[in-house]
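Protein chains in written order, with my numbering: chain G, 1 to 375; chain S, 1 to 138.
Any given hint could be a false lead.
Which chain S residues stay away from chain G? Per the calculated CB distances, all over 12 Å, these [stated by the list, open to error]:
1. 15
2. 46
3. 66
Cross-link-like lysine to aspartate or glutamate pairs, in silico, EDC-like; alpha carbons within 20 Å at most [to be verified]:
4. G:128 - G:85
5. G:345 - G:361
6. G:280 - S:123
7. G:162 - S:112
8. G:345 - G:177
9. G:162 - S:12
10. S:72 - S:129
11. G:115 - G:99
12. S:121 - G:357
13. G:280 - G:207
14. G:162 - S:3
15. S:113 - G:177
16. S:126 - S:39
17. S:126 - S:13
18. S:72 - S:118
19. G:345 - G:183
20. S:113 - G:160
21. S:121 - G:169
22. G:67 - G:85
23. S:113 - G:169
24. G:203 - G:169
25. G:344 - G:265
26. G:128 - G:265
27. G:67 - G:111
28. G:220 - G:265
29. G:67 - G:32
30. S:121 - G:207
31. S:72 - S:123
Keep in mind that the hints were calculated from the coordinates and are not lab data. Cβ atoms here follow ideal geometry from the backbone N, Cα and C, with glycine treated the same way.
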Amino acid sequence: METIRILVVDDEAGMRMGAERALRNFHVHLNEFAEDVGFEIRLAATGEEALEAIAAQAPDILLLDHKLPGISGLDILETLHGRQDEILTVMITAYASLETAVTATRRGAYDFLAKPFTPEELTGVVRKATRHLLLQRQARRLAEEKRRVRFEFISVLAHELKSPLNAVDGYLRIVRDRGAGNDQAVYDRMIARSLVRLDGMRKMILDLLDLTRIESGTRKREISEVDLSALAAEALETSAPGAAEGNIALHLHAPGRVVFPGDRDELAIVLNNLVSNAVKYNRQGGQVDVTLAADPAAVTLTVADTGIGMTSEESAHLFGEFSRIKNAKTRDILGSGLGLSIVKKLVTLYNGTVTVDSTPDVGTTFTVALPRSAG
Amino acid sequence: MSDKKKILVVDDDPDFIEQVWAVLASEGYEVFTAGGEDEAREMLLTVSPDLAILDLMMEHKDSGFVLAHYVKKLYPDTPVMLITSVGSVTGMSFAPQSADAQSWVKTERVMDKPIRAEQLKEEVRKLLDAAKAVIRNQ
Numbered sequence: 001m002e003t004i005r006i007l008v009v010d011d012e013a014g015m016r017m018g019a020e021r022a023l024r025n026f027h028v029h030l031n032e033f034a035e036d037v038g039f040e041i042r043l044a045a046t047g048e049e050a051l052e053a054i055a056a057q058a059p060d061i062l063l064l065d066h067k068l069p070g071i072s073g074l075d076i077l078e079t080l081h082g083r084q085d086e087i088l089t090v091m092i093t094a095y096a097s098l099e100t101a102v103t104a105t106r107r108g109a110y111d112f113l114a115k116p117f118t119p120e121e122l123t124g125v126v127r128k129a130t131r132h133l134l135l136q137r138q139a140r141r142l143a144e145e146k147r148r149v150r151f152e153f154i155s156v157l158a159h160e161l162k163s164p165l166n167a168v169d170g171y172l173r174i175v176r177d178r179g180a181g182n183d184q185a186v187y188d189r190m191i192a193r194s195l196v197r198l199d200g201m202r203k204m205i206l207d208l209l210d211l212t213r214i215e216s217g218t219r220k221r222e223i224s225e226v227d228l229s230a231l232a233a234e235a236l237e238t239s240a241p242g243a244a245e246g247n248i249a250l251h252l253h254a255p256g257r258v259v260f261p262g263d264r265d266e267l268a269i270v271l272n273n274l275v276s277n278a279v280k281y282n283r284q285g286g287q288v289d290v291t292l293a294a295d296p297a298a299v300t301l302t303v304a305d306t307g308i309g310m311t312s313e314e315s316a317h318l319f320g321e322f323s324r325i326k327n328a329k330t331r332d333i334l335g336s337g338l339g340l341s342i343v344k345k346l347v348t349l350y351n352g353t354v355t356v357d358s359t360p361d362v363g364t365t366f367t368v369a370l371p372r373s374a375g
Numbered sequence: 001m002s003d004k005k006k007i008l009v010v011d012d013d014p015d016f017i018e019q020v021w022a023v024l025a026s027e028g029y030e031v032f033t034a035g036g037e038d039e040a041r042e043m044l045l046t047v048s049p050d051l052a053i054l055d056l057m058m059e060h061k062d063s064g065f066v067l068a069h070y071v072k073k074l075y076p077d078t079p080v081m082l083i084t085s086v087g088s089v090t091g092m093s094f095a096p097q098s099a100d101a102q103s104w105v106k107t108e109r110v111m112d113k114p115i116r117a118e119q120l121k122e123e124v125r126k127l128l129d130a131a132k133a134v135i136r137n138q
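Here chain G stands alone, though its shape is the one from the complex (with noise of 0.2 Å):
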């Protein structure tokens, strides 16, 4: 159970006592949180008491008397005005006059009680100010995440591409340099090299054009009804010539059409982006085995390969970003890390699952399974 601790100042004493009788053993259940809210209550009488106990330990939520003998209540809102803790203040006025609420809520006051209250007016307020508080934590909670992910995104975007940059940069340096001796041979597999860095760094903008277009929603999903049959046959199309390379062979299983509600342009990526993984992390004379299977409630793709595989802690972080498995088996394998986490957020647009099955040296079989309802 969470606790907010609150502070009642008001120089009367039955009020103060009244106050802590109502809210001492008071819960607050909020259907936001799991949690369950209780209270601990301090008091105070006079504005210097006051002042002390919230140096002590600020409160969560104030509850201030406006009339008091010495510091006023509007004094003392002044003096918490601007402070880093969030304290929310709940005036506790006896002759609510306009007046006094406009300098109150000017000075950060966030509600009124008018005297006398009856204790459910009393738990009416703290339950308001108490939801207040925790979605207001709560959304400072998830900014500083959500800040937090984009610088971490940021760095490793930027490691990610400055790595081929001085891949490049190396190679071109000792080329002009002459720097490897007098076999061509060499230089040539140099420049060849270079251009795979380029070609990959390439694909990794376009990845990256995809992953933003999708995260912003700011391209225009045009849905209709894809034929996810004819879809797998183009991804694969797309992959032969890498697979020819590596003498890998492709099928396609799938019953005839396979129809499914859906952009167009987001599916491919989804396929292709299996597609050329089953390809690029295939052995040599390996094989590739598209999957449609439709049933009335959902349509599931499955792609499966005969690679490297992977270990499970492997494949635990797989649908990250950036996420790359690094061993001597995947070394010369170049990829931009962002497929799969593409795919992961596609796949959830449509309330689809994307999984993961792989033995290491056996193969990797991913299964999409697409929700006919999509919600």
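Assemble chain S onto chain G, guided by the hints.
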């Protein structure tokens, strides 16, 4: 050609390995390469290099330092060159400055990426000559 000097190059960046390999092989060195700490440890059991060139940060942030210690443990006379891209990223120098740091970081030379071919050849030559002098004096 058994008098060819053996150089071990360890980096998880295959392009950097290719570049160092090409430059040093053209100078007549026998170049062994490894893509990571484990592969390098295995290789060091069968190959005793005359020089080790190690990337500072590979799969683990301290792989270069750890490997440098390992090389020195097996082959105390083998000079170690640490290559780092940390300098160009952070603007900090990772070369050990104080005598204390030098005794702790087991390296003869720290170089920043990107490296130039001529500079690399020159530094390799210097380290191998210095190592030869030490052995002669023993």
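Structure-based check of each hint:
1. 15: Incorrect as stated: the minimum Cβ-Cβ distance to chain G is 4 Å, not above 12 Å.
2. 46: 17 Å, holds
3. 66: Holds, because the least Cβ-Cβ distance between residue 66 of chain S and chain G comes to about 17 Å, which exceeds 12 Å.
4. G:128 - G:85: Within the cut-off at roughly 19 Å; holds.
5. G:345 - G:361: 28 Å, violated
6. G:280 - S:123: Violated, at roughly 39 Å.
7. G:162 - S:112: Distance ~15 Å between residue 162 of chain G and residue 112 of chain S Cα, so the pair holds.
8. G:345 - G:177: 46 Å, violated
9. G:162 - S:12: Holds, at about 15 Å.
10. S:72 - S:129: Distance ~18 Å between residue 72 of chain S and residue 129 of chain S Cα, so the pair holds.
11. G:115 - G:99: 17 Å, holds
12. S:121 - G:357: 48 Å, violated
13. G:280 - G:207: Status holds; Cα separation ~16 Å.
14. G:162 - S:3: 39 Å, violated
15. S:113 - G:177: 17 Å, holds
16. S:126 - S:39: Distance of about 27 Å is beyond 20 Å: violated.
17. S:126 - S:13: 25 Å, violated
18. S:72 - S:118: 26 Å, violated
19. G:345 - G:183: 48 Å, violated
20. S:113 - G:160: Cα-Cα ~16 Å, so holds.
21. S:121 - G:169: 18 Å, holds
22. G:67 - G:85: Violated, at roughly 24 Å.
23. S:113 - G:169: Holds. Residue 113 of chain S to residue 169 of chain G sits at ~11 Å (cutoff 20 Å).
24. G:203 - G:169: The given pair, whose Cα atoms are some 19 Å apart, holds under the 20 Å limit.
25. G:344 - G:265: 15 Å, holds
26. G:128 - G:265: Measuring from Cα to Cα gives roughly 47 Å; hence the hint is violated.
27. G:67 - G:111: Satisfied, since the Cα-Cα distance of roughly 16 Å is no more than 20 Å.
28. G:220 - G:265: 10 Å, holds
29. G:67 - G:32: Not satisfied, since the Cα-Cα distance of roughly 36 Å exceeds 20 Å.
30. S:121 - G:207: The given pair, whose Cα atoms are some 39 Å apart, is violated under the 20 Å limit.
31. S:72 - S:123: 19 Å, holds
Consistency with the previously given hints fails for numbers 1, 5, 6, 8, 12, 14, 16, 17, 18, 19, 22, 26, 29, 30, ordered from lowest to highest.
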